[in-house]
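Trainee: Just so you know, the sequences run in chain order A and B.
With the working numbering, you'll find the first sequence wraps up at 436, consecutive numbering, no jumps.
With the working numbering, you'll find the second sequence wraps up at 174, consecutive numbering, no jumps.
No lab work stands behind these hints: they were computed from the structure.
We treat Cβ as the ideally placed atom computed from N, Cα and C, and that holds for glycine.
Be aware that one or more of the hints could be misleading.
When the alpha-carbon atoms are kept at most 25 Å apart in a straight line, the in silico SDA-like pairs for lysine to any residue are as follows [what the hints assert, rightly or not]:
| no. | chain 1 | residue 1 | chain 2 | residue 2 |
| --- | --- | --- | --- | --- |
| 1 | B | 75 | A | 270 |
| 2 | B | 66 | A | 228 |
| 3 | A | 380 | B | 151 |
| 4 | A | 380 | B | 73 |
| 5 | A | 218 | A | 287 |
| 6 | A | 380 | B | 155 |
| 7 | A | 248 | B | 135 |
These stretches of chain B come out as covered by chain A in the derived footprint (C-beta under 8 Å, 3 or more residues) [as the list claims (entries may be wrong)]:
| no. | stretch |
| --- | --- |
| 8 | 115-128 |
| 9 | 137-150 |
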Amino acid sequence: MKVTDNVKKLILIFISILAFQAAEAQLEIEIISGNPGALPIAIVPFQWLEADPGPTTSADEIISGDLYRSGLFKPMAVEDMAERPVEEEGIRFGTWRLLKVDYIVIGKVRSPTDGQGHELVYQLFDVHTQELLLSRVTTVGPGDLRFGAHRVADAIYEKLTGVPGAFSTRIAYITATGLGNNQRFELVVADADGFGPQSIVGSPEPLLSPAWSPDGRKLAYVSFEQGNSAIYMQDVSTGARELISSGKGINGAPSFSPDGKRMALTLSRTGNPEINIRDMATGRTQQITQHWSIDTEPVWSPDGRHVYFTSDRGGRPQIYRVAPSGGTPERVTLEGDYNARASVSPDGRKIAVAQGRGNEYRIAVWDIETERFTVLTPGKLDESPSFAPNGSMILYATKEGGRGVLSAVSADGNVRQRLILSEGDVREPAWSPVIR
Amino acid sequence: MKSVWKFTLALVITMTLAACQTTQKAEPEPEPEPPPTTDVDTSGAPDPHDYTDSRNFDNPESLLSKRVIYFDFDKSTVRPEYRGIVSAHAAYAASHSSARVTLEGHADERGTREYNLGLGERRGNAVSGLMSAQGSRGSQLTVVSYGEERPTCRVSDDECWSLNRRVEVVYTAR
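Can you build the whole structure from these sequences, using the hints too?
Mentor: This is the structure we're talking about:
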């Protein structure tokens, strides 16, 4: 038994190494529909003051790209900049006003005094009032320049929109390539801009339902590698993993509680799928729903007081909620034939679902207070919504030309973008929490 | 006198032998024996309706050779036209206590993945329930749901979807 386990482990490690190489396939992001009201901003090229030659993609390009993709900003092309000031004294606000820019960011990248890593020194000005809005030094470790640039974009975004940025976060998703017996599934983690994808699990059997721990260090997911669904939890950076559940029937839909101490999951050991809560310290699992219907896709409210889940106890799938200690579930979505797989907004006020009507599935957002749906996407097979940790965007899976691709839509539905992998299907995106 | 008898006997023997030879030559060549084939069983062809006969797994005339049951959208009721297939496998399992069957439940791509895992299991359970009611033991039957993860067809249309909504009867032991 021990030997078999070790062999399995070795095979998996080998598979994972192969997968790592295959994950070179980049996600390409393009804006499908823009926002006419986007703020014009100039991110002037940052001066490079380090001894080593600078990176191929400069910090200012990364910042511009982030702000552009948010749909709320219209960054000026570098070649259109008449001047490229580095210091405050060099900014001639009149010129930038003529260029119809509302905000300007200047900065430089230098080595910290101890020589380790990078310091991004930058300032944000309102071109019209000439007011200094933000002046900061962001310090990151060696190899984290991109992360540093995303942090700068987060700060600018927050200053100008009032909402914290989510650019320095990550996304996890599942890819499927090949057909039949040559099919391969991978769980991939990438920066929120699609950069640097790394496969953290690879398998010839299906992988699904990745879920981040609240500290952003672990991913829980479902793997069929043993011939039936099983839930694993894996440390994203070390790769160390733990089997959480592999009982008879379905072991699915893991979701960490906001404090990370509990996990909601779907188990069908009683004969049909029920929501269970597992205490991560003791491993004790308590069943909190009891119904002959399919109860699945649990997800926590940000305050930890409710567990939202999909159930067809009323005939068709709808979203219900129940206390994590159990009790009588309450129906949440009151319109539509098919509402499933909720993602709760960070403020707890809205839930995004996959909404089915006939053969078309779209991402729709249900406002819990006003009890109204807003349909955000055009369809036809949109699913797996995942709110950004700042609530600004919803990442989801869709199909285009027979291929699974990821898309993101702004919470107001105005801006949409597409993330395409060079080959195969991409599905089940999960946006990480803010990594501090 | 004795030599005459001897001569006569010799003549009769010679004539008889000659006659025999003539008779043999006149007879037609017998048909060559058909070469023995390994597939032919001396006990006769399998009765396609005998679902306890394992030879029917490969007999296209028999329901035992059919191992996929298809379902309606978002439904797990075994349609009447598939009841016979389920009964055939139930009868086989009931008569072979060593037989082990995995019922793999599948869904089409519409709807969410985890809900479809539930739907696949519900379909598997529907088949498992019918088989149990017809004599298969619970210990012989395992339901595994793959949801929409293992489609047989990848086009987003009704025909393809109908092929993907299925339970596959997989024998892990016969």
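Trainee: If a hint holds in the structure, say so; if it does not, say that too.
Mentor: Each hint, compared with the structure:
This hinted pair checks out: residue 75 (chain B) and residue 270 (chain A) have alpha carbons roughly 20 Å apart, not beyond 25 Å. Restraint check for residue 66 (chain B) and residue 228 (chain A): the C-alpha separation of about 24 Å stays at or below 25 Å, so the hint holds. Between residue 380 (chain A) and residue 151 (chain B) the alpha-carbon distance is near 18 Å, which keeps this suggested pair within the 25 Å criterion. Proposed proximity of residue 380 (chain A) and residue 73 (chain B) is supported: the alpha carbons are some 17 Å apart, at most 25 Å.
Restraint check for residue 218 (chain A) and residue 287 (chain A): satisfied, since their Cα atoms lie roughly 24 Å apart, inside the 25 Å limit. A distance of roughly 13 Å separates the Cα atoms of residue 380 (chain A) and residue 155 (chain B); the hinted pair therefore holds under the 25 Å criterion. Using a Cα cut-off of 25 Å, the hinted pair residue 248 (chain A) and residue 135 (chain B) holds, with the two alpha carbons roughly 22 Å apart. Evaluation of the coverage hint for the stretch 115-128 of chain B: fulfilled, as 7 residues show C-beta separations to chain A shorter than 8 Å, against a requirement of three.
Chain A is given as covering the stretch 137-150 of chain B, and this holds because 7 residues of the stretch bring a CB closer than 8 Å to a CB of that chain, at least three being needed.
Figure legend: structure checked against the earlier numbered hints; every hint is met.
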